[in-house]
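Peer 1: In the order they appear, the protein sequences are chains A and B.
Residues 1 to 583, numbered by our numbering, are exactly what the first sequence covers, in order.
Residues 1 to 583, numbered by our numbering, are exactly what the second sequence covers, in order.
Hints are supplied without guarantee of correctness; some may be wrong.
Given that identical chains are not distinguished, each listed pair holds provided it fits within a single copy or across any two copies.
Quick list of in silico lysine-lysine cross-link-like pairs, DSS-like style, CA-CA up to 30 Å [claimed, not checked]:
no., residue 1, residue 2
1, LYS557, LYS539
2, LYS377, LYS520
3, LYS263, LYS339
4, LYS347, LYS302
5, LYS532, LYS280
6, LYS529, LYS502
7, LYS529, LYS375
8, LYS302, LYS377
9, LYS561, LYS280
10, LYS30, LYS520
11, LYS280, LYS513
FYI, nobody ran anything at the bench for these hints, they're computed from the structure.
There are 2 protein chains.
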Amino acid sequence: MASKPSIPKGTRDFSPAEVAKRQYIISIIKSNFEKFGFQPIETPSFENSETLMGKYGEEGDRLIFKILDSGDFFEKSVQNYVGEKEFTYLNLFLYTVLKDIFSEIIFNRRIDDFEKMIIDGYLTKNIFRVYLRNQKIRDYVEKYLKDNQIFFKEWISSLNQTLIDNNRLDIKSFDTDFDNFYLGKYLNTEKSNEFYESLNNANIKLYDDLNSKSLVKNISEKALRYDLTVPFARYVVQHQNEIEFPFKRYQIQPVWRADRPQKGRFREFYQCDADVVGSKSLWQEVELVQLYDAVFTALGLKGVTIKINNRKILSGIAEVIGASDKLIDFTVALDKLDKIGEEGVKKEMIEKGISENAIEKVQPLFNFTGSISEKIKQLSGLLTSSAEGMKGVSELQFICDTVTKLGLKESILDLDVTLARGLNYYTGAIFEVAPPEGVAMGSIGGGGRYDDLTGIFGLKDMSGVGISFGLDRIYLVLEELNLFPETILATSKALFINYGEKEAFYAMQAITKLRAVNIKVELYPDAIKVGKQFMHADKRQIPYAVIVGETEMNEEKFALKNLISGEQILVNFDELKNQLASS
Amino acid sequence: MASKPSIPKGTRDFSPAEVAKRQYIISIIKSNFEKFGFQPIETPSFENSETLMGKYGEEGDRLIFKILDSGDFFEKSVQNYVGEKEFTYLNLFLYTVLKDIFSEIIFNRRIDDFEKMIIDGYLTKNIFRVYLRNQKIRDYVEKYLKDNQIFFKEWISSLNQTLIDNNRLDIKSFDTDFDNFYLGKYLNTEKSNEFYESLNNANIKLYDDLNSKSLVKNISEKALRYDLTVPFARYVVQHQNEIEFPFKRYQIQPVWRADRPQKGRFREFYQCDADVVGSKSLWQEVELVQLYDAVFTALGLKGVTIKINNRKILSGIAEVIGASDKLIDFTVALDKLDKIGEEGVKKEMIEKGISENAIEKVQPLFNFTGSISEKIKQLSGLLTSSAEGMKGVSELQFICDTVTKLGLKESILDLDVTLARGLNYYTGAIFEVAPPEGVAMGSIGGGGRYDDLTGIFGLKDMSGVGISFGLDRIYLVLEELNLFPETILATSKALFINYGEKEAFYAMQAITKLRAVNIKVELYPDAIKVGKQFMHADKRQIPYAVIVGETEMNEEKFALKNLISGEQILVNFDELKNQLASS
Numbered sequence: 001m002a003s004k005p006s007i008p009k010g011t012r013d014f015s016p017a018e019v020a021k022r023q024y025i026i027s028i029i030k031s032n033f034e035k036f037g038f039q040p041i042e043t044p045s046f047e048n049s050e051t052l053m054g055k056y057g058e059e060g061d062r063l064i065f066k067i068l069d070s071g072d073f074f075e076k077s078v079q080n081y082v083g084e085k086e087f088t089y090l091n092l093f094l095y096t097v098l099k100d101i102f103s104e105i106i107f108n109r110r111i112d113d114f115e116k117m118i119i120d121g122y123l124t125k126n127i128f129r130v131y132l133r134n135q136k137i138r139d140y141v142e143k144y145l146k147d148n149q150i151f152f153k154e155w156i157s158s159l160n161q162t163l164i165d166n167n168r169l170d171i172k173s174f175d176t177d178f179d180n181f182y183l184g185k186y187l188n189t190e191k192s193n194e195f196y197e198s199l200n201n202a203n204i205k206l207y208d209d210l211n212s213k214s215l216v217k218n219i220s221e222k223a224l225r226y227d228l229t230v231p232f233a234r235y236v237v238q239h240q241n242e243i244e245f246p247f248k249r250y251q252i253q254p255v256w257r258a259d260r261p262q263k264g265r266f267r268e269f270y271q272c273d274a275d276v277v278g279s280k281s282l283w284q285e286v287e288l289v290q291l292y293d294a295v296f297t298a299l300g301l302k303g304v305t306i307k308i309n310n311r312k313i314l315s316g317i318a319e320v321i322g323a324s325d326k327l328i329d330f331t332v333a334l335d336k337l338d339k340i341g342e343e344g345v346k347k348e349m350i351e352k353g354i355s356e357n358a359i360e361k362v363q364p365l366f367n368f369t370g371s372i373s374e375k376i377k378q379l380s381g382l383l384t385s386s387a388e389g390m391k392g393v394s395e396l397q398f399i400c401d402t403v404t405k406l407g408l409k410e411s412i413l414d415l416d417v418t419l420a421r422g423l424n425y426y427t428g429a430i431f432e433v434a435p436p437e438g439v440a441m442g443s444i445g446g447g448g449r450y451d452d453l454t455g456i457f458g459l460k461d462m463s464g465v466g467i468s469f470g471l472d473r474i475y476l477v478l479e480e481l482n483l484f485p486e487t488i489l490a491t492s493k494a495l496f497i498n499y500g501e502k503e504a505f506y507a508m509q510a511i512t513k514l515r516a517v518n519i520k521v522e523l524y525p526d527a528i529k530v531g532k533q534f535m536h537a538d539k540r541q542i543p544y545a546v547i548v549g550e551t552e553m554n555e556e557k558f559a560l561k562n563l564i565s566g567e568q569i570l571v572n573f574d575e576l577k578n579q580l581a582s583s
Numbered sequence: 001m002a003s004k005p006s007i008p009k010g011t012r013d014f015s016p017a018e019v020a021k022r023q024y025i026i027s028i029i030k031s032n033f034e035k036f037g038f039q040p041i042e043t044p045s046f047e048n049s050e051t052l053m054g055k056y057g058e059e060g061d062r063l064i065f066k067i068l069d070s071g072d073f074f075e076k077s078v079q080n081y082v083g084e085k086e087f088t089y090l091n092l093f094l095y096t097v098l099k100d101i102f103s104e105i106i107f108n109r110r111i112d113d114f115e116k117m118i119i120d121g122y123l124t125k126n127i128f129r130v131y132l133r134n135q136k137i138r139d140y141v142e143k144y145l146k147d148n149q150i151f152f153k154e155w156i157s158s159l160n161q162t163l164i165d166n167n168r169l170d171i172k173s174f175d176t177d178f179d180n181f182y183l184g185k186y187l188n189t190e191k192s193n194e195f196y197e198s199l200n201n202a203n204i205k206l207y208d209d210l211n212s213k214s215l216v217k218n219i220s221e222k223a224l225r226y227d228l229t230v231p232f233a234r235y236v237v238q239h240q241n242e243i244e245f246p247f248k249r250y251q252i253q254p255v256w257r258a259d260r261p262q263k264g265r266f267r268e269f270y271q272c273d274a275d276v277v278g279s280k281s282l283w284q285e286v287e288l289v290q291l292y293d294a295v296f297t298a299l300g301l302k303g304v305t306i307k308i309n310n311r312k313i314l315s316g317i318a319e320v321i322g323a324s325d326k327l328i329d330f331t332v333a334l335d336k337l338d339k340i341g342e343e344g345v346k347k348e349m350i351e352k353g354i355s356e357n358a359i360e361k362v363q364p365l366f367n368f369t370g371s372i373s374e375k376i377k378q379l380s381g382l383l384t385s386s387a388e389g390m391k392g393v394s395e396l397q398f399i400c401d402t403v404t405k406l407g408l409k410e411s412i413l414d415l416d417v418t419l420a421r422g423l424n425y426y427t428g429a430i431f432e433v434a435p436p437e438g439v440a441m442g443s444i445g446g447g448g449r450y451d452d453l454t455g456i457f458g459l460k461d462m463s464g465v466g467i468s469f470g471l472d473r474i475y476l477v478l479e480e481l482n483l484f485p486e487t488i489l490a491t492s493k494a495l496f497i498n499y500g501e502k503e504a505f506y507a508m509q510a511i512t513k514l515r516a517v518n519i520k521v522e523l524y525p526d527a528i529k530v531g532k533q534f535m536h537a538d539k540r541q542i543p544y545a546v547i548v549g550e551t552e553m554n555e556e557k558f559a560l561k562n563l564i565s566g567e568q569i570l571v572n573f574d575e576l577k578n579q580l581a582s583s
């Protein structure tokens with residue numbers, strides 16, 4: 001391989017420094033998940049395709065990475081493809097073979113070797129080169145030909161007789177004559193046209209079906225997971241008898257999407273999900289808001305906004321404006337209030353077909369400010385006529401009141417009625433987390449409640465609620481705000497300089513003892529120029545060098561050099577140990 | 001979906017208890033890797049196919065999971081497949097079309113609509129239904145037909161003239177006549193036979209090429225990684241300018257193999273690798289033996305045997321027995337010494353074609369016992385005549401002597417000349433770790449030195465040495481020997497019983513404060529029957545319940561119940577906190 005190797009687009013290598021930063025975020029998320037009573041599970045990277053397909057909409061299906069079946073997938077595909085259609089294909093085969101025999105007889109007035117012509121000649125006929133690989137069909141065809149040898153011989157002699165009788169067949173009506181011979185006279189099929197047509201259609205279909213959509217089912221039965229929610233739902237249903245409900249699980253694993261890569265969007269990325277399944281209690285929502293606050297506080301990320309909304313409130317608004325099909329248009333337009341102003345928003349709504357009368361009814365949403373409880377009060381007035389909407393108001397009220405009374409550490413809770421994230425599957429609370437003001441970045445977390453999480457796998461009435469952390473975006477935000485701790489990279493405390501075999505052995509004795517008390521130290525492996533060894537320590541950001549020449553060995557001492565200050569002291573082993581342990 | 005969902009064979013779901021145990025092993029491996037100066041990297045789950053293919057032998061290639069290209073892979077495949085063969089396929093197309101026109105003229109004496117016949121009729125001709133999807137070919141064909149309309153009209157009128165002249169063509173020689181028309185007369189091709197044959201061959205090839213091996217290149221350009229070594233080599237070459245050598249990296253990530261699943265063998269499993277690249281120093285080997293010892297000691301696994309050998313010693317033996325091609329047979333047979341005895345082994349060797357004379361020369365290997373230094377002395381006598389062998393002896397001597405002098409904690413170092421693991425790529429030390437005696441399990445770790453780790457990617461002379469831990473097998477061994485700590489599962493310390501909204505709020509205030517000081521506690525989310533809540537705590541193995549009814553609320557107290565002893569005490573918040581923190 002001459003060219004420099006590379007990795008697939010949308011994927012990443014992580015250097016030690018990057019892994020350290022990612023692990024720092026993950027470990028904080030993890031410890032908080034556990035503090036809140038969530039327990040880890042892991043599911044396989046790939047699932048059966050039927051588990052994933054059809055769960056994310058058409059666009060989602062397209063973005064799922066499919067895994068080619070191992071072994072001879074194409075052969076298997078051919079087998080599967082025609083497996084149940086032997087008879088159709090046999091007929092198609094016979095029709096073609098016999099038509100060629102017919103033509104041979106008419107043009108050449110003879111057949112030299114009937115069997116050879118059928119078996120050798122026509123097995124290689126293009127259209128059948130693929131399909132006759134199918135052993136089942138091949139067996140079927142060969143058996144059929146053998147079983148019907150007498151019939152075919154009769155057929156040919158009858159054909160010959162006709163040729164003799166007529167001197168020759170009328171070539172103008174070759175097709176018709178043949179069909180009469182093949183169908184009418186010898187197969188005794190009354191509906192010859194229908195039969196002919198079905199053969200022709202089968203043939204055309206054969207080629208039309210050779211496309212990705214039909215092939216993928218035959219050559220791929222596994223796919224990389226697209227998110228952690230569907231595998232979790234599958235897990236719950238599959239292990240329902242072993243699980244103690246309500247089940248609080250977290251899962252931190254990579255997922256894969258064949259999306260167009262762009263800034264902050266990758267084809268392989270981690271999801272960090274915490275979900276509770278099996279309880280409708282709104283205390284879960286309260287705790288999930290607290291969990292967001294706990295994680296971001298621990299990460300030193302102050303002032304994130306945890307936005308909350310409720311699907312039932314959106315339904316209520318739809319009821320009030322009398323156009324549930326316009327709900328998305330409505331929220332999208334309303335979301336632009338800051339940018340284009342009240343008149344702009346109203347103009348856009350009217351353009352989208354929402355009546356002025358409807359817009360009038362929800363006028364308060366255009367001045368939707370104040371504390372959460374003030375906002376809830378406004379909503380309550382607005383949605384009086386909608387039972388569903390009022391249920392949403394009461395849910396929101398409990399969650400927001402409780403969270404407020406319990407207090408958040410560093411985050412802000414806010415009610416955002418334009419929050420319509422995942423409208424299609426959430427049924428209650430909807431969450432989204434925005435980074436602190438001034439950071440140009442989309443949401444760094446999101447979630448919500450779905451009343452029927454596991455229904456798709458046949459376990460009904462299992463309510464679930466969960467949140468997710470966007471690892472990659474959180475990484476970028478911490479980087480931008482310079483919030484990663486300095487000491488995050490797990491470098492060694494000291495590099496022992498290698499002066500040769502004897503000195504190295506002396507060093508290694510000390511290293512072995514230091515490691516036994518969990519102090520990270522290293523020996524430079526080769527006795528190269530000392531300057532180069534120091535440079536190595538510098539580049540690796542190792543803070544100390546330990547110098548052991550013959551003098552130090554004889555005195556049973558170690559020269560410990562602080563590579564930042566340049567200061568060097570002579571110490572015995574215990575002093576060395578204490579110095580490195582405390583630094 | 002009616003049937004219970006499942007996961008692909010060879011994959012696993014991990015329950016919280018299993019994740020905890022796996023994480024326990026991984027965290028010990030990880031902390032020891034870091035203690036020894038290794039730094040983590042991560043590489044993508046899938047690599048470009050060209051990075052992986054051809055690196056693991058034919059069998060390995062077969063076991064690599066390939067990922068279907070996203071988008072319309074089959075369409076792309078068709079495009080790629082015929083992309084460079086437009087002219088051949090155009091000719092094939094024209095030949096077929098014109099032959100049909102010829103036949104039409106001969107049989108019907110006229111063509112109603114030449115253009116329609118070509119464009120409509122023949123675009124749907126079966127053989128072209130697939131290939132004319134290729135836009136490039138389609139454009140080419142259509143342009144060709146348009147550009148040559150005058151030519152075709154002349155062709156047809158000439159054909160008509162011939163028909164008129166001869167009254168009719170001789171149908172017996174239809175093919176020859178057509179070829180004369182098509183090739184000889186109108187395309188001015190002298191080598192008509194050759195041309196015809198090439199068309200025919202192209203057509204046949206088309207179908208024969210429709211198989212997995214040819215298709216896979218067109219429909220899959222990515223594959224799941226098969227191990228961590230090749231991606232690491234790729235990483236080193238790709239990032240060579242950012243890496244400070246010698247580079248000590250570790251990597252703990254899943255790999256995938258389409259192997260037949262069996263006990264302890266999965267299609268998705270973790271590898272835990274530590275490698276040093278960029279130094280030939282034997283101190284690395286010494287440290288890797290120490291690293292094995294450190295990890296297994298930390299896991300409480302006493303008495304594992306770290307077996308060591310050297311590729312150069314094996315080469316030396318091959319030299320001495322004068323049959324380097326018989327080396328594997330030799331080591332396989334010798335490995336059976338315990339089972340079938342000296343005579344049995346010798347018999348097998350002779351059957352495999354190793355001469356009695358050769359066996360005589362390595363007689364000491366049949367009584368190869370004693371301490372490592374005794375064994376090395378025997379090898380030294382045996383291999384005197386082989387320079388390569390003696391280099392292996394000296395390497396082994398340094399490693400074993402040094403390790404012995406530095407001392408191992410719980411493991412046994414042993415020299416095993418039958419160790420031939422990875423014979424094809426290791427060039428120096430070879431390691432393998434056997435579980436403690438009495439545990440029926442294969443090796444739980446292995447590794448070695450390969451002098452040219454990155455050569456496959458174009459970076460020469462980069463020596464690497466590394467070891468790997470077999471997570472799944474270590475798990476099974478710890479399970480069998482009951483070595484997992486009791487307290488491994490991260491359950492909550494206490495479950496607060498839910499008596500209703502007011503009480504729950506009182507509880508949640510305490511919970512919030514407890515979590516703030518990192519104590520894991522939970523509220524049961526619903527105010528259901530108390531007995532059921534206690535049962536939940538029991539099933540979740542939560543050791544305490546906190547009971548807060550109206551009495552406790554009024555007194556600002558908490559009833560703390562030890563669920564194992566049944567003991568219950570009334571405490572204030574600080575007492576509660578101290579009790580849970582210390583338990």
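Peer 1: Hint by hint, say whether it matches the structure.
Peer 2: Consistency of the hints with the structure:
no.: 1; hint: LYS557 to LYS539; result: within (26 Å within a copy, 57 Å between copies)
no.: 2; hint: LYS377 to LYS520; result: neither (59 Å within a copy, 36 Å between copies)
no.: 3; hint: LYS263 to LYS339; result: within (24 Å within a copy, 62 Å between copies)
no.: 4; hint: LYS347 to LYS302; result: neither (37 Å within a copy, 77 Å between copies)
no.: 5; hint: LYS532 to LYS280; result: between (64 Å within a copy, 16 Å between copies)
no.: 6; hint: LYS529 to LYS502; result: within (16 Å within a copy, 73 Å between copies)
no.: 7; hint: LYS529 to LYS375; result: neither (71 Å within a copy, 36 Å between copies)
no.: 8; hint: LYS302 to LYS377; result: within (28 Å within a copy, 67 Å between copies)
no.: 9; hint: LYS561 to LYS280; result: between (61 Å within a copy, 27 Å between copies)
no.: 10; hint: LYS30 to LYS520; result: both (25 Å within a copy, 12 Å between copies)
no.: 11; hint: LYS280 to LYS513; result: between (55 Å within a copy, 24 Å between copies)
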